[in-house]
Structure formats: structure tokens, C-alpha cells
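Student: Sequence:
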Amino acid sequence: MTGQVTSADGTVIAYDRAGTGPAVVLVHGAFTDRAHPILRTVADALAPWFTVCNYDRRGRGGSGDTAPYAVEREIEDLAAVIAAAGGSAMVFGGSSGAALALTAAARLPAITKLALWEPPYHVDEGAPSLPGDFAERLETLVAGDRRGDAVELFLVEAAEVPPQVVAAMRAEPTWAQAEAVAHTLAYEAAVLGPANALPTALLATVTQPTLVMAGDRSPGWLAAACRAVADGVPHARHRVLAGQTHAVAAEVLAPELLEFFVTA
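When we follow the UniProt record's numbering, the leftmost residue of the sequence shown carries the number 1, and every step to the right adds one.
What the hints contain is simulated information worked out from the structure, not anything from laboratory work.
Be aware that one or more of the hints could be misleading.
Unchecked claim - Listed next, with one range per pair, are the computed distances between beta-carbon atoms: (1) Arg227 x Ala8: 26 to 36 Å; (2) Ala201 x Gln164: 37 to 47 Å; (3) Pro255 x Gly144: 39 to 49 Å; (4) Gly87 x Gly144: 38 to 48 Å; (5) Thr20 x Pro131: 45 to 55 Å.
Virtual Cβ for every residue (Gly too), placed ideally from N, Cα, C.
Please construct the entire structure, taking both the sequences and the accompanying hints into account.
Tutor: Below, the structure written as C-alpha cells:
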């Protein structure tokens, strides 16, 4: 079933809901929305055991967007989805969505368990470190109707995609989809925080049982970030999934989430 909920600032947030049982909310990352095949497959896999809510973050898919943006508004959006799901929920976040879920968990006691896939924090010299003006540069490009250039900037500086690869990507049919959400890339930069530095103080305040996962085929800096997050959260455990890149396979991810949400 498809539903909508109104966030604290009046923004309408769209979500899909399936299954019965304790609530699980899925939080996506950059360049996507609740229609992403990985999220849909995970939602279907968890639905026999849980009420799964898979929502569009603001500015994407069927959700609205209200200026000015602030990370606190996104936390309120997640809180509204959790309220619609029954008042408390276990939460999964992927990539920058993991950073959002982690930030929200420190503020929302309604989040009862937390599962994270490769939050992209800068913890070693091999990691990309976002410059202080990164969000402003993205906003300037979008305001100048240079959405493609904003996408390229994000891919090159935040995701370490080589410029020649990005040039080839511009000719792909999916490039138009990336440009359509270019205005939300500054949101991702805000969620990750200044220089996407590890939020050490915040980690210490996350009291929920937490599972931090990484793939053994992902870049080493992402693995280091996951270890650091797991070390910093008081009740966290760390898992490395064999054969997985940052684009984790749903059929590998779903059983890990099921085991954690059922038994942790």
C-alpha cells in the first residue's frame, strides 16, 4: 500500500508500506528514492516478518520539499514515518542514508534498532574529504540550471568516480534521472557534515543496538569508516559481507537485516 504523512513543517512525505509485525523503516541514500530495486527487494523480503515502510526522502519521488533545507527537517520526516508505522521502528539506512539514520537515532528514542550500510565518513587519508564549500557549490550549480555539472561534481568529489567515467555516464539514459534529483545533493552534503568527518561525539550518544555493515569489495576507506562507526557506538557490532561492493546485493543484505532485527 502507498501512503503519505505530513512532516512537522508541512511537507508531505510519501511511502510504501507492506507486511505486518514490528515496524522497519528504510532510508535511502543519494541519487535514488524508494523505487530503487535494492530497497524494494529488501522490503519484500522483510515483509513476512515486519511492517516495512520504504519512504521517499524530501525532494525525491513522491515527497514534497520545503525551503529552507535543514538536516533537522529530515529527522522530522523520519519521525513522521515512524509515527505512521506505529510509533516506534527499527531503521535501516544505506550510504548517506546511513548517516541520516545515525544522526536521527541520536535524537529519536522511537528508533529501537539501527542497521547501517557503509556510511561514507572520512576516517583515513584514502577517503574523500568534502570541502567546506561543497554544498554551496552544488547549490550554485543547480541554481544556474547546471544540474549535470552538479551531478558530476558530486560523483567526482564525493564518490571518487573518475572524470572520464562521468563523461561516459552523461550519455546514459540514467543521467536524466540523476539530474532530476541534483537539487538534493546539497542535502546529502549537509547530512554528512563538515568534511564528512566521523561524528565521534554523536556516535557516543547512540544507545540503540546497532549493526554496521560493509562489503569486502568496497574501497578500503569505506571499510575503515564502518569499523570506526562500530567502535564509536556503544552497542554496535560490525559485519563484513563477502563479495559485496557499495552497491550491495539485496539478496545478501536482506538476510543480515532479518537476523539482526529478529535476534539482536
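Student: Hint by hint, say whether it matches the structure.
Tutor: Verification of the supplied hints:
no.	hint	verdict
1	Arg227 x Ala8: 26 to 36 Å	holds, 35 Å
2	Ala201 x Gln164: 37 to 47 Å	holds, 39 Å
3	Pro255 x Gly144: 39 to 49 Å	holds, 45 Å
4	Gly87 x Gly144: 38 to 48 Å	holds, 43 Å
5	Thr20 x Pro131: 45 to 55 Å	holds, 46 Å
Violation of the numbered hints given earlier is absent; every hint is satisfied by the structure.
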